[in-house]
Amino acid sequence: MKKRGIGLGCAWYGTGYGNGFPDVSSAFVEIHDDGSATVLTGAVDVGQGSSSIFAQIAAEELGLRAEDICVNTADTDVTPDSGTTAATRQTYNTGNAVLKAVRQAKSRLLTFAAREFSCPTPEGIELKAGYIGVKGDPSRRMILGYMVFKARLNGERFISAESSTARSTPVDLTSGQGAPYWPYSFGCQAAEVEVDTETGKVKVLKVIAVHDVGKALNPTQVEGQIAGGVTQGIGYALLEELELQKGMIKNPAFSSYLIPTALDVPKIEAYFVEEAEESGPYGAKGLGEPAMLPTVAAVINAIDDAVGVRITALPATPEKILQALAEKKEELG
Amino acid sequence: MKYYQPQSVNEAIEIAHSSQGMFLAGGTDLVLQMQKRKIQPKALIDLGRIPELRDIKETKEYIEIGSMATFSDMGQNQLIAEKAASLWLACQTMGSPQIRNQATIGGNLGNCSPAADGLPPLLALGAEAVLISGEGEKQMPLADLLEQTPLLSPGTLIVGFKIPKIYQLSGFAKLGRREALAIARLSVAVALELDGSKAGKVRVALGAVGRRAFLSDSLAQALSQREFNESWLELGISQVQGVVRAALGDRASAPYKRVAVAGVFREAIASLRQQGGLDK
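These protein sequences, in sequence, are chains C and F.
For reference, each letter of the first sequence is one residue, going 7 to 339 in the working numbering.
For reference, each letter of the second sequence is one residue, going 208 to 487 in the working numbering.
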């Protein structure tokens with residue numbers, strides 16, 4: 007018989023290296039006289055989209071389009087160290103470094119432009135839609151690249167280097183006090199499953215995922231990261247199992263170490279809460295790992311809701327479920 | 208290692224004799240084993256250039272399938288969908304689209320994995336295997352062939368299969384660890400003649416229960432010539448569990464499989480009913 011159930015899972019997760027270890031990211035920026043800009047950072051985009059985020063940040067500050075920004079990453083010959091792509095830290099930590107670097111180069115550009123436009127203060131200058139000009143005075147503006155070109159002829163360059171350090175303290179092991187991580191990411195997911203009581207097979211029918219991302223700098227990427235996290239979480243809950251024999255991995259291939267295929271992934275509804283994180287770039291914080299955390303609990307709880315058995319060792323294989331069902335039947339007599 | 212591409216069956220047989228090579232069909236099993244150096248053939252005889260080996264056609268008494276028909280060929284074939292539904296269903300879930308485009312039904316028998324997806328349906332449907340070697344062509348029930356060890360004598364080519372047009376209804380279900388790219392942990396194929404509301408002759412084959420796919424005589428006896436209803440299904444379930452118990456003995460997978468086969472059998476019957484429109 008096939009039985010359905012719904013389960014909920016919640017997670018909070020401290021992002022960054024944390025526990026007293028300084029978390030440093032760095033970036034170099036140059037604004038060019040062709041109206042583009044270059045960002046160099048060691049941050050590795052492994053497909054999650056961090057390079058797009060850095061382009062968006064630089065574009066936002068410079069009044070350019072993201073495609074006007076060239077982001078060079080992860081080349082140890084030329085890019086400054088930005089730590090690992092780990093700990094859900096690139097949007098927040100390296101995003102902050104890129105933002106600081108862009109702002110530094112920009113402030114010198116604004117000073118130069120104020121002089122050119124005979125504007126008393128750099129605060130009076132704005133960068134918008136590829137132009138640089140005096141706020142509220144459309145007669146005093148020019149294409150950004152042209153202003154950078156003028157500066158170039160004057161021997162000025164808009165190049166910057168910045169780093170951003172997130173500090174935390176280790177937890178005091180006796181009192182349990184400390185500030186080991188900042189910021190924290192929060193998420194909540196609900197899963198609906200169908201359990202076949204004869205084969206023990208679990209089919210995840212639907213997952214609804216809600217995550218606090220501070221500010222979604224790229225909503226499509228947020229959805230993608232949530233879908234990826236949920237998929238990984240389903241694998242964690244139902245499939246992934248490293249089999250060891252005397253320290254050797256028995257299943258070191260994707261034909262024997264199973265992860266979900268496209269056909270194993272249900273409909274995923276992704277929602278995000280935007281509760282600005284003051285210390286993050288435009289209020290953003292990380293989402294990478296938190297997206298997969300609640301899925302496991304939601305799926306296991308949904309199995310419990312469907313057939314009334316508690317699976318306490320992952321993955322929840324059909325064998326474990328059938329065995330738990332048999333034990334339950336025995337208990338009830 | 209030598210590589211041949213014969214243009215005809217006769218040429219293939221001659222090359223097999225002179226080269227002592229192995230026949231290469233889709234390669235989805237053989238090439239993997241060669242990469243792992245479990246098999247190191249002296250020569251490969253690629254059957255991909257012999258068009259007649261890929262034919263799927265209907266004759267008066269049979270549906271004939273060439274050994275080089277891929278799972279995609281079969282899974283997209285109207286004739287098979289209508290007259291050999293069990294096999295058609297197996298073709299929808301075997302491997303992934305990429306593997307189905309490459310893997311052949313002849314290779315499925317040649318490799319003869321315990322979990323081969325194509326064999327239980329062919330067994331249930333009463334298929335005859337057509338073989339050819341230096342001694343000539345011969346035809347024998349697949350069920351009998353699967354009793355032989357070794358399966359095929361050296362130099363024997365699987366020409367194809369002939370499925371008799373006896374069973375109006377057939378079904379298939381497979382239990383894998385996931386929805387695609389999953390090796391069958393259990394598979395059940397059922398074929399039956401429908402005689403009014405009664406099941407006439409019934410054949411049930413099981414996969415991934417033991418060394419090779421097999422046809423169960425006891426299930427056929429228990430389920431044939433009976434009213435086809437809910438109690439027939441329940442009888443089938445308790446019987447099939449017994450068959451799996453007996454076949455697996457004290458293997459590690461036995462405690463799970465002998466219980467889980469109930470759900471797989473139920474699903475196989477459901478697929479058969481849908482196709483016969485019996486649930487409407």
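Hints listed in this document are in silico derivations from the structure and should not be mistaken for laboratory results.
Some hints here could point you the wrong way.
What the hints assert, rightly or not - Chain C stretches covered by chain F per the calculated footprint, using a threshold of three residues with CB under 8 Å from any CB of chain F:
no., segment
1, 50–57
2, 205–214
Unchecked claim - In silico SDA-like cross-links for lysine to any residue, where the CA-CA straight-line distance does not exceed 25 Å:
no., chain 1, residue 1, chain 2, residue 2
3, C, Lys209, F, Lys245
4, F, Lys243, C, Lys209
5, C, Lys256, F, Leu440
6, C, Lys326, F, Gln240
7, C, Lys209, F, Arg480
What the hints assert, rightly or not - FRET-style restraints, in silico, Cβ to Cβ:
no., chain 1, residue 1, chain 2, residue 2, range
8, F, Gln285, C, Ala332, 19 to 29 Å
9, F, Gln285, C, Ser261, 26 to 36 Å
10, F, Lys245, C, Lys335, 23 to 33 Å
11, C, Asp87, F, Lys243, 47 to 57 Å
12, C, Leu320, F, Ser320, 57 to 67 Å
13, F, Asn217, C, Ala319, 51 to 61 Å
14, F, Glu434, C, Lys335, 22 to 32 Å
15, F, Glu441, C, Val52, 49 to 59 Å
16, F, Arg433, C, Ile265, 14 to 24 Å
17, C, Leu320, F, Gln285, 38 to 48 Å
18, F, Leu358, C, Ala332, 57 to 67 Å
Note that the Cβ used here is the ideal one computed from N, Cα and C, for glycine as well.
Hint-by-hint comparison with the structure:
1. 50–57: violated (count 0)
2. 205–214: holds (count 3)
3. C:Lys209 to F:Lys245: violated, 36 Å
4. F:Lys243 to C:Lys209: This hinted pair is violated, its Cα atoms lying about 34 Å apart.
5. C:Lys256 to F:Leu440: Since the Cα atoms of C:Lys256 and F:Leu440 sit roughly 39 Å apart, the hinted pair is violated (cutoff 25 Å).
6. C:Lys326 to F:Gln240: Distance of about 32 Å is beyond 25 Å: violated.
7. C:Lys209 to F:Arg480: holds, 23 Å
8. F:Gln285 to C:Ala332: 19 to 29 Å: violated, 44 Å
9. F:Gln285 to C:Ser261: 26 to 36 Å: For C:Ser261 against F:Gln285, whose Cβ atoms are near 33 Å apart, the range 26 to 36 Å holds.
10. F:Lys245 to C:Lys335: 23 to 33 Å: About 43 Å separates the Cβ atoms of F:Lys245 and C:Lys335, which means 23 to 33 Å is violated.
11. C:Asp87 to F:Lys243: 47 to 57 Å: Violated, since C:Asp87 and F:Lys243 (Cβ atoms, about 41 Å apart) do not stay within the stated range.
12. C:Leu320 to F:Ser320: 57 to 67 Å: Because 29 Å falls outside the window, the suggested range is violated.
13. F:Asn217 to C:Ala319: 51 to 61 Å: Check passed, 59 Å falls within 51 to 61 Å.
14. F:Glu434 to C:Lys335: 22 to 32 Å: Since F:Glu434 and C:Lys335 have Cβ atoms about 30 Å apart, the given range 22 to 32 Å holds.
15. F:Glu441 to C:Val52: 49 to 59 Å: For C:Val52 against F:Glu441, whose Cβ atoms are near 53 Å apart, the range 49 to 59 Å holds.
16. F:Arg433 to C:Ile265: 14 to 24 Å: Given about 44 Å between the Cβ atoms, the range is violated.
17. C:Leu320 to F:Gln285: 38 to 48 Å: This hint holds: roughly 44 Å between Cβ atoms.
18. F:Leu358 to C:Ala332: 57 to 67 Å: About 38 Å separates the Cβ atoms of F:Leu358 and C:Ala332, which means 57 to 67 Å is violated.
The structure is inconsistent with the numbered hints 1, 3, 4, 5, 6, 8, 10, 11, 12, 16 and 18, although it conforms to all the rest.
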